[in-house]
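Peer 1: Since the structure of chain C is already known, use the hints to place chain Z on it.
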Amino acid sequence: MFAKYIPKPGRREYITFLLLFIEIIVFGLLAPHFLSERNFVRVIQNSAEIAIVSIGMTIVMLLGGIDLSVGSMMGVIAIVAGNLIQKGINSILILIVSILIGILLGLVNGLLVAIFNIPDMIVTLATMNIWRAVIFMLLGGRWLTGLSSDYAMITKAKIFGIPVLLLLIILFYAIFYYVLMYRPFGRHIYAVGNNIQAANLNGINIQKIKIASYCLTGGIVAISAMLYIARMGSVEMTIGNDMAISCIAAVTIGGIGMKGSGKRGSVVGTLAGVMFIAFLRNGIVILGIPSLLENCFIGSLIILSVIFDKISLEKRRIKQ
Amino acid sequence: MKKILITFQKSRTLFLLMLLIIEVMILSLLSPYFLKLSNLIEITQFGAILILLAMGESIVMLSGGEGIDLSVGSMLSLSGVFFGLVTQAKYSMVIAIIVTIIAGGTLGSINAFFIAIMKMPPLIATLGTQYVFGSLALYLTNGIPISGFPKSFEFLSLESTFGIPNQILFIVIPVSIVILLLMYKTKFGREVYLLGTNPIAAKYSAINEKKVRFIVYVIPGLLAALGAIISNSWLMTARADAGLGLELQAITVACLGGIAVEGGRGNLGAVIISVLIITMMNSGLQIANVNSIWQLAVLGFVLLIAVSFNHIVSNILSKPQKF
Chain C
362 MFAKYIPKPG RREYITFLLL FIEIIVFGLL APHFLSERNF VRVIQNSAEI AIVSIGMTIV
422 MLLGGIDLSV GSMMGVIAIV AGNLIQKGIN SILILIVSIL IGILLGLVNG LLVAIFNIPD
482 MIVTLATMNI WRAVIFMLLG GRWLTGLSSD YAMITKAKIF GIPVLLLLII LFYAIFYYVL
542 MYRPFGRHIY AVGNNIQAAN LNGINIQKIK IASYCLTGGI VAISAMLYIA RMGSVEMTIG
602 NDMAISCIAA VTIGGIGMKG SGKRGSVVGT LAGVMFIAFL RNGIVILGIP SLLENCFIGS
662 LIILSVIFDK ISLEKRRIKQ
Chain Z
198 MKKILITFQK SRTLFLLMLL IIEVMILSLL SPYFLKLSNL IEITQFGAIL ILLAMGESIV
258 MLSGGEGIDL SVGSMLSLSG VFFGLVTQAK YSMVIAIIVT IIAGGTLGSI NAFFIAIMKM
318 PPLIATLGTQ YVFGSLALYL TNGIPISGFP KSFEFLSLES TFGIPNQILF IVIPVSIVIL
378 LLMYKTKFGR EVYLLGTNPI AAKYSAINEK KVRFIVYVIP GLLAALGAII SNSWLMTARA
438 DAGLGLELQA ITVACLGGIA VEGGRGNLGA VIISVLIITM MNSGLQIANV NSIWQLAVLG
498 FVLLIAVSFN HIVSNILSKP QKF
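For the protein sequence lines, the chains are C and Z, in the order given.
Going by the working numbering, the first residue of the first sequence is number 362, and it counts up by one from there.
Going by the working numbering, the first residue of the second sequence is number 198, and it counts up by one from there.
Note that these hints are calculated values from the structure, not bench results.
Virtual Cβ for every residue (Gly too), placed ideally from N, Cα, C.
Any given hint could turn out to be false.
Within a straight-line C-alpha distance of at most 30 Å, the following computed DSBU-like cross-link-like pairs (lysine-lysine) qualify [as the list claims (entries may be wrong)]:
no., chain 1, residue 1, chain 2, residue 2
1, Z, Lys-384, Z, Lys-408
2, Z, Lys-348, Z, Lys-384
3, C, Lys-671, Z, Lys-407
4, Z, Lys-407, C, Lys-676
5, Z, Lys-382, Z, Lys-316
6, C, Lys-671, Z, Lys-408
7, C, Lys-676, Z, Lys-382
8, Z, Lys-287, Z, Lys-384
9, Z, Lys-400, C, Lys-676
10, Z, Lys-348, Z, Lys-400
11, Z, Lys-382, Z, Lys-408
12, C, Lys-676, Z, Lys-384
13, C, Lys-671, Z, Lys-348
14, Z, Lys-384, Z, Lys-400
15, C, Lys-519, C, Lys-448
16, Z, Lys-316, Z, Lys-233
17, Z, Lys-407, Z, Lys-382
18, Z, Lys-400, Z, Lys-382
19, Z, Lys-408, Z, Lys-316
20, C, Lys-517, C, Lys-448
21, Z, Lys-407, Z, Lys-316
22, C, Lys-671, Z, Lys-316
Beyond 10 Å from chain C on every Cβ pair, some chain Z residues (computed) [what the hints assert, rightly or not]:
no., residue
23, Ile-265
24, Met-290
25, Lys-316
26, Gly-331
27, Phe-359
28, Thr-449
29, Ala-485
30, Leu-500
So here's chain C without its partners, still in its complex pose (with noise of 0.2 Å):
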């Protein structure tokens, strides 16, 4: 009964998506070796991490707000699960422990936004300045190595020929289209992106959902950081510098993030977004195309698909 009003991917994610197999043929008959195996599983190995906290940036930004510190969040959460493991602790009783730092982390940007009010975006800035400062005091200009914890084997695992990794996140995006698209959290959060003042005169705790969304993106990033110590065996300063930007721009791509069109979207479109960066990266170094101007591409792209969305707006609008 309420089935029409749970809304399926949109034409804006199958467009994604048509450009992503698009982009892949292009790069595929550009340079020979882009469609090998070995290329793929890299170019997952190397996203997994953004791809994970892509899922959190997308339900902060759909409700109209963003997270400027997930990268700095990863990089203490990192360093302390990093440590945890050269003491030989554990590996569960890590991850529990490193999600429940994300949540901690995420509910301190939760509480100052919904409680006190502050916009989010300063919010976050503030927050990144002060968990990046919190990285360099923990690490104070050395390199955690050598951390070889049980969760290594996931990077490199495959079942049946599949990359464990990939079936990772697939995992995940299914699990959070699940709850965005199914579950009351995932109304509401929606609810509360398009309208903030329709939702809270339905009786929606817009509080309770902003602290909730940015505990979740904690926990998010937590998980994700577990993942960069599987795959680099290591911490250094500079980790997680460029994160919050790159998933910004995932989302975007992906067709989230246009006010005044209501908050559209979903995960599916934040994946195809988060991949079509990745070979698009991916491409530009096996191209031979300087990968200084990699940003160039990727900057581009953003503004591209945003003019995109709002030519189709308009062609929407006119048809109604």
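Peer 2: For chain Z alone, coordinates are given in the frame of chain C:
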């Protein structure tokens, strides 16, 4: 007590001035060399670039419509690189400076085109141009800093006249006066404020929104170009990463100065004072031998405290409002 709170809440400038005085007192207790007029004036040179960028950022934020400019740092890098390339091609300094300012204006108008004409959300548009400008700066220099400017170019940033650093005396003070006059004594400034407080009212009072918004986004480009000239002369090199992270500092300072993220509220004078606070604090932390790493964190804390102070005081004064 309540009266004092009201004054501070009403005037961010007063609050920041008090903060500045407290800060100077603490720092002069920490070090006997701090509280000297010559030292205080010398310190201002470290804030020269930040003042320029923060003023541009503040005007953008004042104009409302989710206004923000994430590309100021990259614009500084790229126009600085243009400066380097022009001097490398053996053109004179004057031509290099003119080219840099034109480049800054052009970069600013690219942002302005996307935001004012194409009506893109500023956050996303400037995020995109930040990527593009930053990577173009790297590509044009191949990541290698351009140096070899003539010795006379040091005059701008490494020397001082009447005890005042040259970049403050010849660039920052005149430019600040021009910007303050533009914002508070001309029709344009009033239009920016109205656009920030109530865009619908602005539309009905026949304000040409496209034109005003376009100019608003060109200004940070021009100011970033001036910042690039100062930075080049200070380091005597043109680096592709000269502006790295400066956009966040500029936004932080603007917020600390009381510029509302929603637009329409805030005072440029307060922004200038908050740049002074941050600059004093940074050098104070150095004097007190606190690791420079903590400057970032202190910046974050001060920002949070300043913004939540306003919220708490307005809560004490009136009944708490739901959102």
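Peer 1: State for each hint whether it applies.
Peer 2: Hints, one by one, checked against the model:
1. Z:Lys-384 to Z:Lys-408: 13 Å, holds
2. Z:Lys-348 to Z:Lys-384: 43 Å, violated
3. C:Lys-671 to Z:Lys-407: 17 Å, holds
4. Z:Lys-407 to C:Lys-676: Holds: Lys-407 of chain Z and Lys-676 of chain C sit about 22 Å apart, inside 30 Å.
5. Z:Lys-382 to Z:Lys-316: 28 Å, holds
6. C:Lys-671 to Z:Lys-408: Status holds; Cα separation ~20 Å.
7. C:Lys-676 to Z:Lys-382: The hint is violated at about 42 Å.
8. Z:Lys-287 to Z:Lys-384: Violated, at roughly 42 Å.
9. Z:Lys-400 to C:Lys-676: 24 Å, holds
10. Z:Lys-348 to Z:Lys-400: Violated - the C-alpha atoms of Lys-400 of chain Z and Lys-348 of chain Z are around 52 Å apart, more than 30 Å.
11. Z:Lys-382 to Z:Lys-408: Distance of about 19 Å is within 30 Å: holds.
12. C:Lys-676 to Z:Lys-384: Given that 30 Å is the threshold and the Cα spacing comes to 37 Å, the pair is violated.
13. C:Lys-671 to Z:Lys-348: 51 Å, violated
14. Z:Lys-384 to Z:Lys-400: 15 Å, holds
15. C:Lys-519 to C:Lys-448: With a Cα-Cα distance of about 29 Å, the restraint between Lys-519 of chain C and Lys-448 of chain C holds, given a limit of 30 Å.
16. Z:Lys-316 to Z:Lys-233: Answer violated: Lys-316 of chain Z to Lys-233 of chain Z is near 50 Å, above 30 Å.
17. Z:Lys-407 to Z:Lys-382: 21 Å, holds
18. Z:Lys-400 to Z:Lys-382: Holds. Lys-400 of chain Z to Lys-382 of chain Z sits at ~21 Å (cutoff 30 Å).
19. Z:Lys-408 to Z:Lys-316: 12 Å, holds
20. C:Lys-517 to C:Lys-448: 24 Å, holds
21. Z:Lys-407 to Z:Lys-316: Distance ~9 Å between Lys-407 of chain Z and Lys-316 of chain Z Cα, so the pair holds.
22. C:Lys-671 to Z:Lys-316: 9 Å, holds
23. Ile-265: 8 Å, violated
24. Met-290: Its Cβ never comes within 10 Å of chain C, the nearest being 28 Å, so this holds.
25. Lys-316: Its Cβ does come within 10 Å of chain C, the nearest being 7 Å, so this is violated.
26. Gly-331: Its Cβ does come within 10 Å of chain C, the nearest being 6 Å, so this is violated.
27. Phe-359: 36 Å, holds
28. Thr-449: 6 Å, violated
29. Ala-485: Holds, because the least Cβ-Cβ distance between Ala-485 of chain Z and chain C comes to about 16 Å, which exceeds 10 Å.
30. Leu-500: 5 Å, violated
Checked against the numbered hints above, the structure breaks hints 2, 7, 8, 10, 12, 13, 16, 23, 25, 26, 28, 30 and satisfies the rest.
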